[in-house]
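Convert by adding 57 to the 1-based position in the sequence shown; the result is the number in this note's numbering.
Worth flagging that the hints you see were computed from the coordinates, not collected in a lab.
Among the hints, a few may not be true.
What the hints assert, rightly or not - In silico lysine-lysine, DSS-like type, Cα no more than 25 Å apart, as pairs:
#	residue 1	residue 2
1	K59	K226
2	K206	K134
3	K199	K120
4	K283	K126
5	K59	K283
6	K126	K421
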Amino acid sequence: MKLHKKQILLVSFMLFSLFFGAGNLIFPPFLGQNAGSQTPFAIAAFLITAVALPVLGVIVVAKFDGLEKLARRVNPKFAIVFTILIYLSIGPGLGIPRAASLPFEMAVAPYLPEEANLSLFMLGFSLVFFLIAGWLALTPNKLVERIGKFLTPSLLFLLLFVFFNFLLKGNVHVAEPQESYASNSLVKGFLEGYLTMDTIAALNFGLVIATTITGLGISRKSDVMKYTVMTGIFAGLILAGVYLILAYMGMSSSGVFPIQENGAWTLRCIVHQLFGDTGAVLLAAIFTLACLTTCVGLITSISQYFSTLTSRLSYRQLVLLIAGFSFVVCNQGLNVILSISVPVLDAIYPISIMLIVLGLCDAKLGHIPFIYPCTIGSVGFISVIYAAENIGLDLGVLSPIFHSLPLYSAGLGWTVIAVLVMVVFSPSAFCRPALKSSHNKTKLPVY
58 MKLHKKQILL VSFMLFSLFF GAGNLIFPPF LGQNAGSQTP FAIAAFLITA VALPVLGVIV
118 VAKFDGLEKL ARRVNPKFAI VFTILIYLSI GPGLGIPRAA SLPFEMAVAP YLPEEANLSL
178 FMLGFSLVFF LIAGWLALTP NKLVERIGKF LTPSLLFLLL FVFFNFLLKG NVHVAEPQES
238 YASNSLVKGF LEGYLTMDTI AALNFGLVIA TTITGLGISR KSDVMKYTVM TGIFAGLILA
298 GVYLILAYMG MSSSGVFPIQ ENGAWTLRCI VHQLFGDTGA VLLAAIFTLA CLTTCVGLIT
358 SISQYFSTLT SRLSYRQLVL LIAGFSFVVC NQGLNVILSI SVPVLDAIYP ISIMLIVLGL
418 CDAKLGHIPF IYPCTIGSVG FISVIYAAEN IGLDLGVLSP IFHSLPLYSA GLGWTVIAVL
478 VMVVFSPSAF CRPALKSSHN KTKLPVY
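Input sequences plus hints: build the corresponding full structure.
So, in structure tokens, the structure goes:
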């Protein structure tokens, strides 16, 4: 059986919508405004961590039939702990509340009367938001139809509507880059891609997409992988196109508006310039649609995973529990949530990247003893230390040692360690044929 082009398109739209949430809207225009004339270099690096790695992540997780099976290549206990940590951080602990609070604080709250009780309005908005998200997540078999057919096309239409209006009547003045981008726009853009959380999200969505394709009647593993690759690439191209649009508008406005607090305010300034006060409705619709689809995908994937860990709670009960907990966290406020995001992402993003890299190279490197645990262990150690320093933890005499690592101060010290570990262990891959030919009954252990 083969999927029709329309089915492939709908699944691609669904994957795009699962990825495209709060961070995807606010970080590209913020990058463009801050990078100014250096935007082409910064956005090129941004697309590596915000598009290429997420697409590869979806493919790898589908190949291994889930994140936990991929993580088991490191260690069974690590697999459970890391998978739960990923699901909690991208889900009810951080990702879902962030996605739900953003449309209110950036597209609703600024237009409420000054005497309005923001906490009360936020409570009402988030309640309706999570009721809708929970309802959509209760029927995961209908996600392709509801998200692919209606929500994603609506979102893309609104974004393109804003972009074409900007091309026709937007004020354009490209400024010089801010200091953080002037010195090294490529590294800064690469690290900004972390904040979209998409590489981590890919570790959740890979199995969702594979399951969705299987649900459409594709049973052979090779065919499931073929269509996962196709839908992943197409969704990635849509993501890249939208990021380029948003970054272009931010860059073009870098000399028009003063540097804003975040990308949501940058978008708000752009939309207000184009449409006046009525643009608030348009902006609210864009933010809400983008964040709603991401929340639905996250609630679905997390509920599906935890339902496999326990028989005490059904999928339906988990959906309601996750939506309810996210509702509570959401009402703590966007600034609180964003302040937690950076150190958490600094710690777990490099581990996620290296899991994807090792998964892609599994055919070549998978037989090498300890390649997974040593690579992930060393990368995880460096990334956790870096995150700890960034939140003010004093490492004493150890700090100069870590700062002596190349690229450590830029947040990429883990890449040096990863390369060194893989270089040390990978030569054994070339010894395998020789061992096999001289010792026919000897087999290298598989980890």
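Results for each hint:
no.: 1; hint: K59 to K226; in the structure: violated, 45 Å
no.: 2; hint: K206 to K134; in the structure: violated, 40 Å
no.: 3; hint: K199 to K120; in the structure: holds, 24 Å
no.: 4; hint: K283 to K126; in the structure: holds, 20 Å
no.: 5; hint: K59 to K283; in the structure: holds, 11 Å
no.: 6; hint: K126 to K421; in the structure: holds, 18 Å
Violated hints, in rising order: 1, 2; the structure is consistent with all others.
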